[in-house]
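If you're matching them up, the sequences are chains A and B in order. Residue numbering for the first sequence is 250 to 507, as defined by our numbering. Residue numbering for the second sequence is 250 to 507, as defined by our numbering.
Quick caveat, the hints were computed from the structure, so don't treat them as lab data. Any given hint might turn out to be false.
Unchecked claim - Straight-line distance between alpha carbons at most 30 angstroms, and here's what the computed DSSO-like set of lysine-lysine pairs gives:
no.	chain 1	residue 1	chain 2	residue 2
1	B	K415	A	K415
2	B	K424	A	K348
3	B	K400	A	K348
4	B	K487	A	K424
5	B	K348	A	K397
6	B	K424	A	K415
7	A	K400	B	K348
8	A	K400	B	K415
9	A	K397	A	K415
10	A	K487	A	K305
11	B	K348	B	K487
12	B	K348	A	K380
13	B	K305	B	K380
14	A	K415	B	K400
15	A	K305	A	K380
16	B	K348	A	K424
17	B	K397	A	K348
18	B	K424	B	K487
19	B	K424	A	K424
20	A	K424	B	K415
21	B	K424	A	K487
22	B	K348	B	K305
23	A	K487	A	K348
24	B	K380	A	K348
25	B	K348	A	K348
26	A	K397	A	K424
Stated by the list, open to error - Not the full set, but computed from the structure, chain B residues with beta-carbon under 8 angstroms of chain A:
no.	residue
27	Q347
28	R430
29	Y432
30	G433
Claimed, not checked - Negatives, chain A to chain B, calculated, CB over 10 angstroms:
no.	residue
31	L274
32	N293
33	A303
34	S456
35	P495
C-beta atoms are modelled at their ideal positions from N, C-alpha and C, and glycine is treated no differently.
Number of protein chains: 2
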Amino acid sequence: MVLEKIDQLAREWLEEAGNRIFMALEQVNIEVEAKADRNDLVTNMDRATERYFAEKIATHFPEHRLLGEEGYGEEITSLEGVVWVLDPIDGTVNFVEQKRNFAISLGIYQEGIGELGYIYDVVGGEFYFAKRGEGAFVNDEPIPMLAKENKLENALVIINTAAMHKFPQTLAAIKAARGLRLYGAATLEYMAVATGRADAYISANLSPWDIGAGKIIAEEVGAIVTRVDGSEMVITEKGDSFVASPGVHAELLRDYFR
Amino acid sequence: MVLEKIDQLAREWLEEAGNRIFMALEQVNIEVEAKADRNDLVTNMDRATERYFAEKIATHFPEHRLLGEEGYGEEITSLEGVVWVLDPIDGTVNFVEQKRNFAISLGIYQEGIGELGYIYDVVGGEFYFAKRGEGAFVNDEPIPMLAKENKLENALVIINTAAMHKFPQTLAAIKAARGLRLYGAATLEYMAVATGRADAYISANLSPWDIGAGKIIAEEVGAIVTRVDGSEMVITEKGDSFVASPGVHAELLRDYFR
Chain A
250 MVLEKIDQLA
260 REWLEEAGNR
270 IFMALEQVNI
280 EVEAKADRND
290 LVTNMDRATE
300 RYFAEKIATH
310 FPEHRLLGEE
320 GYGEEITSLE
330 GVVWVLDPID
340 GTVNFVEQKR
350 NFAISLGIYQ
360 EGIGELGYIY
370 DVVGGEFYFA
380 KRGEGAFVND
390 EPIPMLAKEN
400 KLENALVIIN
410 TAAMHKFPQT
420 LAAIKAARGL
430 RLYGAATLEY
440 MAVATGRADA
450 YISANLSPWD
460 IGAGKIIAEE
470 VGAIVTRVDG
480 SEMVITEKGD
490 SFVASPGVHA
500 ELLRDYFR
Chain B
250 MVLEKIDQLA
260 REWLEEAGNR
270 IFMALEQVNI
280 EVEAKADRND
290 LVTNMDRATE
300 RYFAEKIATH
310 FPEHRLLGEE
320 GYGEEITSLE
330 GVVWVLDPID
340 GTVNFVEQKR
350 NFAISLGIYQ
360 EGIGELGYIY
370 DVVGGEFYFA
380 KRGEGAFVND
390 EPIPMLAKEN
400 KLENALVIIN
410 TAAMHKFPQT
420 LAAIKAARGL
430 RLYGAATLEY
440 MAVATGRADA
450 YISANLSPWD
460 IGAGKIIAEE
470 VGAIVTRVDG
480 SEMVITEKGD
490 SFVASPGVHA
500 ELLRDYFR
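All chains should be built: construct the whole structure from the sequences, respecting the hints.
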């Protein structure tokens, strides 16, 4: 089965890429002082990681395509065949400033359907995975299905500042919620919702590689993923993103976004 | 030396208290389903942890006083003698909702001067410590002194929603900054500044136990700790809090808060 082979190799490559990033961070700690140097190193790591995947994919699956942030893949507007959707380092500012709270994100789409999703929080040591129809996992432990009936008043929400500006009604939603959190990495904010650490995450502008894996993993535990207006989120198109547990998604849509 | 004895015992008790909280979280995972039960368990853990410290302190240092969130200590308005300033679980909502991103916070004040500070991120496995004049540490590794000349435009800032409402000029500051982060636990937000993961943290309303340890640790690496208007923060009084690296503190004060 090609998906099994993909899964096996994707895990190997993610582990290797994570190790390389981890070692690069050690270098930053030891050698690189100036902010400009740190920024360069990050850009280099971003590119090197994507190039690593591009070469591996071309070697092992020459018929597959890569949709990646750094442009080593192709211009892709359709999801025919098998497409690897990769963000080599999601949360670049965190990578530079915090040396944590970033992730490698990889989603595998086959004829437009998300089959496998991986988000690897390298420094946090959390490896999120889902296979369509077979559940989601963190470090091989099953992630429980999300509660269906949560309410906004009990919910932590993640709404970034761009979304506050683009959708002013989010301000009232934040007031009605239990609290606001912001972590600065879309993939990990998706995983906060998938693991129940937050009930909703709204972002103003995400790209395919930001959401390719997160959507697969979040939906596998019952999260609802749409645009802010409730319409379908087509992952090849940039735009706003709204992921939440079912009850909070319905409540936010009904009371704030319609 | 009494401070050495205090340090030795404080570490023992923090470790034991952390272990108990960790085991309680396992119980939550296993047994407790309903939110109401989870809330009860948290309240119980808060109280049990503070009571544990109250009893230990009374036994070993009967002349010391305890200033704690749960009221097992005394009504304290002055810092004469030795005062243990304790928050048994800072970040209670995170404790309930996320089972991470909370901390035990302990500051030791002698005649009003902060001598020892401890913040224990139990689930994250990070133990922050400072002794006045001898530097700050995380898991026994020295925390570097903060850069003096950072600028707001390159800075991540942590400004909670209550502070956004109380100080509307923070909104312009957030726009000028590189990004906004929110973690939901004052002690860990202090430590984000102390370790350079953010350059400023502004909160509208903190209590002595929220800041007792954080102030000691942050100041030891060169962070500036004041009220939002730049005046001295007396830790026995509730109120707003503004901790930042030196350059960003000066810039925010000059351009936004004066």
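Each hint tested on the structure:
1. K415/B with K415/A: holds (23 angstroms)
2. K424/B with K348/A: holds (23 angstroms)
3. K400/B with K348/A: OK: K400/B and K348/A at ~19 angstroms, within 30 angstroms.
4. K487/B with K424/A: OK: K487/B and K424/A at ~23 angstroms, within 30 angstroms.
5. K348/B with K397/A: holds (20 angstroms)
6. K424/B with K415/A: Answer holds: K424/B to K415/A is near 14 angstroms, not above 30 angstroms.
7. K400/A with K348/B: Holds: K400/A and K348/B sit about 19 angstroms apart, inside 30 angstroms.
8. K400/A with K415/B: Holds: K400/A and K415/B sit about 27 angstroms apart, inside 30 angstroms.
9. K397/A with K415/A: holds (28 angstroms)
10. K487/A with K305/A: holds (26 angstroms)
11. K348/B with K487/B: Within the cut-off at roughly 27 angstroms; holds.
12. K348/B with K380/A: holds (26 angstroms)
13. K305/B with K380/B: Within the cut-off at roughly 21 angstroms; holds.
14. K415/A with K400/B: The hint holds at about 27 angstroms.
15. K305/A with K380/A: Holds, at about 21 angstroms.
16. K348/B with K424/A: holds (23 angstroms)
17. K397/B with K348/A: holds (20 angstroms)
18. K424/B with K487/B: holds (28 angstroms)
19. K424/B with K424/A: Given pair K424/B, K424/A holds - Cα atoms ~20 angstroms apart, limit 30 angstroms.
20. K424/A with K415/B: It holds: about 14 angstroms lies between the C-alpha atoms, which stays within 30 angstroms.
21. K424/B with K487/A: Since the Cα atoms of K424/B and K487/A sit roughly 23 angstroms apart, the hinted pair holds (cutoff 30 angstroms).
22. K348/B with K305/B: Cα-Cα ~26 angstroms, so holds.
23. K487/A with K348/A: holds (27 angstroms)
24. K380/B with K348/A: Judged against 30 angstroms, a Cα distance of about 26 angstroms means the pair holds.
25. K348/B with K348/A: Holds - the C-alpha atoms of K348/A and K348/B are around 23 angstroms apart, at most 30 angstroms.
26. K397/A with K424/A: The hint holds at about 22 angstroms.
27. Q347: holds (4 angstroms)
28. R430: holds (5 angstroms)
29. Y432: holds (7 angstroms)
30. G433: holds (6 angstroms)
31. L274: Check passes; 13 angstroms lies beyond 10 angstroms.
32. N293: holds (19 angstroms)
33. A303: Given a closest Cβ separation of 29 angstroms, the condition holds.
34. S456: Non-interface label on S456/A holds, nearest chain B Cβ at 17 angstroms vs cutoff 10 angstroms.
35. P495: holds (16 angstroms)
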